[in-house]
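4 protein chains.
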Amino acid sequence: MSYATQMLDTYPRTFNIDAGLLASTIDALTDCAQACTADADDDLSEQNVAELVKCIRLCMDCADICTTTAGVISRQTDYDANVTRTMLDACAATCKSSGDECEQHAMMHGHCRVCAEACRRCERACRDLMAAMK
Amino acid sequence: MSYATQMLDTYPRTFNIDAGLLASTIDALTDCAQACTADADDDLSEQNVAELVKCIRLCMDCADICTTTAGVISRQTDYDANVTRTMLDACAATCKSSGDECEQHAMMHGHCRVCAEACRRCERACRDLMAAMK
Amino acid sequence: MSYATQMLDTYPRTFNIDAGLLASTIDALTDCAQACTADADDDLSEQNVAELVKCIRLCMDCADICTTTAGVISRQTDYDANVTRTMLDACAATCKSSGDECEQHAMMHGHCRVCAEACRRCERACRDLMAAMK
Amino acid sequence: MSYATQMLDTYPRTFNIDAGLLASTIDALTDCAQACTADADDDLSEQNVAELVKCIRLCMDCADICTTTAGVISRQTDYDANVTRTMLDACAATCKSSGDECEQHAMMHGHCRVCAEACRRCERACRDLMAAMK
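Residue numbers (our numbering), protein chains in the order written: chain A, 1 to 134; chain B, 1 to 134; chain C, 1 to 134; chain D, 1 to 134.
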């Protein structure tokens, strides 16, 4: 059981969103942040680093944005729909860009393949949570 | 001259956006992140902390989002319009929420007054940069 | 299999540290960051929030420091021992402080009990990795 | 007057450290974080990016660590000496490594020269604050 789930299980108030969906989105965000942080570094270790500059840049953005989004949706106290919705939108857009770019290098680099998969999963999780908020 | 300006002055390529506008937006984001980090802590030191919970929560979100947005717009290499635009939108929305809440406490707490002003300035800066991108 | 493990499995170079130990430390850091982010928010939702101010403050520090440390040790390219060692030291010290404080509230608040456990596990992981680096 | 100064001026309690020294350290940390974020990106835009990999990596660490340290020392509520001291130590060590590396490229790249200067100034600020804490 992930810490996201354990922490939601012990939250002192009720919340308006399904706890299972919220926890799985937090986990997808944390996973994607980790994959992107590592992938940017893996790219820096590749001999063809000059061809991976766009991938490095987008993974840096995506890692920061996923970490920030995980923080925002983990905070349930005095929930603000405008903050949550626009951050999920930014995060989904970034996961899309980062996932598209990583996919370009998936055949050549195993780390980009794994990272692309994490980005796709996270993009879907953000969109599912946005849909559930409506 | 701020470091945002100095670093943009030494950037090796050209960029499509006015450097002065970009630098002043980065500075507004960094200022707002600092104001929100400090304001959340100031609130925790107030005797009426229970009435400031919403302010603390929004300031935590706003600090993280401003720092992340500053990083995204500081990266000019292989610029991605979807990432930049949606992050500026999320940041403006959060500065709005955080600024509105801080303003509620501005008469009673000087730190909330200063923070509200930083949030307003940052919201405007994000919206101006979005307008210039079109 | 965690993303930390998957990404280390596809890293293009060799590294001097045991990959299993490194991956489990990254996972402990990510878990602790999530637990601390959520616990600070849970505390804000409690009626006795004024008694939890120290816990909130330390959890905020601990969340930021764990996330930053996870980033530092995830980057294996051009590894710098001074950066890694001092960050692990700061992270272990912070997990100790945060874990001690959360433990004070563990009987009263389930979220503090879960968070204390995450802090203890993360402190141990940081110390084990430091020991393995020598 | 920087926001660090304005926010410390409106802090509701007293603190044990000189406010001017604290504010100038926060400003040095924020400046260094900005310089390192931009320098990593500038390096990615250079034709000899493969020779700048170590610089990119250290600037990424340094940006994250400076931002986290600025947060830690901005929080004065329930100050914890172990957290503050070990983070300042980690930050000074990282600014040293990052400053040394940037200096290697200062003749060739103006952005590395500016960034090296920000790292040196931040390292000194962290060490001065540590000395004042004793």
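Hints were generated in silico from the structure; no laboratory data involved.
Incorrect hints may have been included.
It does not matter which identical chain is meant; a pair holds if it fits inside one copy or across any two.
As the list claims (entries may be wrong) - Below 25 Å or equal to it, Euclidean Cα-Cα: the simulated SDA-like pairs (lysine to any residue) are:
#, residue 1, residue 2
1, Lys96, Arg113
2, Lys134, Met108
3, Lys96, Arg127
4, Lys134, Arg113
5, Lys134, Val49
6, Lys54, Met1
7, Lys134, Gln47
8, Lys96, Glu117
9, Lys96, Glu51
10, Lys96, Ala131
11, Lys96, Ser24
12, Lys134, Ala106
13, Lys96, Arg120
14, Lys54, Met108
15, Lys134, Gln104
16, Lys134, Met1
17, Lys54, Ile17
18, Lys134, Glu103
19, Lys54, Thr5
20, Lys134, Arg85
21, Lys134, Ala50
22, Lys54, Lys134
Here's how the hints hold up against the structure:
1. Taking the shortest alpha-carbon separations for Lys96 and Arg113, only the intra-copy value of 14 Å comes in at or below 25 Å, while the best inter-copy value is 35 Å.
2. For the identical chains of this complex, Lys134 and Met108 are neighbours neither inside a copy (40 Å) nor across copies (35 Å), given an alpha-carbon limit of 25 Å.
3. In this homomeric assembly, Lys96 and Arg127 come within 25 Å of each other (Cα to Cα) both inside a single copy, at 11 Å, and across copies, at 23 Å.
4. For the identical chains of this complex, Lys134 and Arg113 are neighbours neither inside a copy (33 Å) nor across copies (33 Å), given an alpha-carbon limit of 25 Å.
5. For a Cα distance limit of 25 Å, the shortest separation of Lys134 from Val49 qualifies neither inside one copy, at 42 Å, nor across copies, at 31 Å.
6. In this homomeric assembly, Lys54 and Met1 never come within 25 Å of each other (Cα to Cα): the closest approach is 35 Å inside a single copy and 28 Å across copies.
7. For the identical chains of this complex, Lys134 and Gln47 are neighbours neither inside a copy (46 Å) nor across copies (29 Å), given an alpha-carbon limit of 25 Å.
8. In this assembly of identical chains, Lys96 and Glu117 lie within 25 Å of each other by CA distance solely inside one copy; the values are 11 Å within and 34 Å between copies.
9. Taking the shortest alpha-carbon separations for Lys96 and Glu51, only the intra-copy value of 20 Å comes in at or below 25 Å, while the best inter-copy value is 30 Å.
10. Taking CA atoms no more than 25 Å apart as the test, Lys96 paired with Ala131 passes in both settings, with 17 Å inside one copy and 23 Å between copies.
11. Only within a single protomer do Lys96 and Ser24 lie at most 25 Å apart by alpha-carbon distance; the minimum there is 18 Å, versus 28 Å between protomers.
12. In this assembly of identical chains, the alpha carbons of Lys134 and Ala106 never lie at most 25 Å apart, being 35 Å within a copy and 33 Å across copies at closest.
13. In the homo-oligomer, the alpha carbons of Lys96 and Arg120 lie at most 25 Å apart inside one protomer (7 Å), although the nearest pairing across protomers, at 30 Å, exceeds that limit.
14. In the homo-oligomer, the alpha carbons of Lys54 and Met108 lie at most 25 Å apart both inside one protomer (16 Å) and across protomers (23 Å), since each shortest distance falls under that limit.
15. For a Cα distance limit of 25 Å, the shortest separation of Lys134 from Gln104 qualifies neither inside one copy, at 34 Å, nor across copies, at 28 Å.
16. Taking the closest pair of Cα atoms, Lys134 and Met1 never come within 25 Å of each other, the shortest separation being 28 Å inside a single copy and 33 Å across copies.
17. With identical chains, the CA atoms of Lys54 and Ile17 are at most 25 Å apart between copies only, with a shortest distance of 19 Å across copies and 36 Å within one.
18. Neither within a single protomer nor between protomers do Lys134 and Glu103 lie at most 25 Å apart by alpha-carbon distance, with minima of 31 Å and 28 Å respectively.
19. In this assembly of identical chains, Lys54 and Thr5 lie within 25 Å of each other by CA distance solely across copies; the values are 23 Å between and 34 Å within a copy.
20. Proximity of Lys134 and Arg85 under a CA criterion of 25 Å is satisfied in both settings, with 10 Å inside one chain copy and 22 Å between copies.
21. Proximity of Lys134 to Ala50 under the C-alpha cut-off of 25 Å is found in neither arrangement, the shortest distances being 43 Å within a copy and 30 Å between copies.
22. For the identical chains of this complex, Lys54 and Lys134 are inter-copy neighbours only, at 22 Å across copies versus 34 Å inside a copy, given an alpha-carbon limit of 25 Å.
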